[in-house]
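S.K.: Sequence:
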Amino acid sequence: FQKPSDIVIADFDNEEARTMVQDAPGAILFSSVKHGIEGDGAWLADETLLVSGEGKESVLLPLSDVPLKGEHNISNVLLAALASLAAGLSVKEVRSGIKSFPGVPHRLEKVALKNSVTYYNDTAATIPDAAVAALRSFSEPVILIAGGSDKRLDFTSLAKEILTRSKGLVLFKGEGTEKLLQALQDLLPAEEKGRSFEVVESMAKAVELASRSAEAGDVILLSPGAASFGVFKNEFDRGEQFRNAVGIL
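Everything in the sequence shown is counted per the numbering used here, starting at 6 for the first residue and increasing by one.
For the record, the hints were derived by calculation from the structure and aren't laboratory data.
Treat the hints with care, since some could be wrong.
[To be verified] Derived CB-CB ranges, DEER-like:
(1) P107 to Q7: 45 to 51 Å
(2) S95 to K119: 52 to 58 Å
(3) K238 to A32: 40 to 46 Å
(4) S105 to A32: 25 to 31 Å
(5) K178 to G60: 56 to 62 Å
(6) L94 to A117: 30 to 36 Å
(7) P107 to Q190: 35 to 41 Å
(8) Q27 to A117: 26 to 32 Å
(9) L254 to K178: 19 to 25 Å
(10) S95 to N120: 18 to 24 Å
(11) Q187 to G93: 28 to 34 Å
Where a beta carbon is used, it is the ideal one built from N, C-alpha and C, also for glycine.
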């Protein structure tokens, strides 16, 4: 329903989105964290976010000035920058907005630093892909708190990421957790088949176990990759319980 005077903004790195917008009647603005963009758009190059409009290229800001963690959030920042610029904001205004934006609750939200261990609340990650993105956001050793009820999704990718990137794992009881445990067992090498994982029925116990095994410099990450029903009222209740449990350590 767009008109020739309208604008569509899309992620160039997403093949489906890139193909879908080709028929747009108006201007197409692409963003990318992997490629330079020809024409108007926004992209990441040499640890710097760049934008181009009406043939003029500008430095938006260094990657190190973006307060949000994760490659997926760099993509989000580029898309938001394009929308803001298209709405009439200046590069300076967009730069200021990005640098001052602390993120939103429950999405890779840094909630505490205790005994040199950092706690992140990513309870809004209710599907495996979101938990995968969260795990990829950290270079530090991660102890993951995950699992829950099932949305009829495949947990193979999350299991691979857990075995590759996490230092430790605590799981909430649920049907989704049962599928994740099976995916983990399927991927374990022969000598580790039958390895056990902690499964708990409360946030307090999950945080206690994760904290007990954490060392200075570690990250404890709540990023369930599953729905919350059963142990919690909803994902926001789960996030609030995480905050509270961390607060009383």
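S.K.: If any of the earlier hints don't hold here, list their numbers in rising order.
M.R.: Of the numbered hints, 1, 2, 8, 10 and 11 do not hold.
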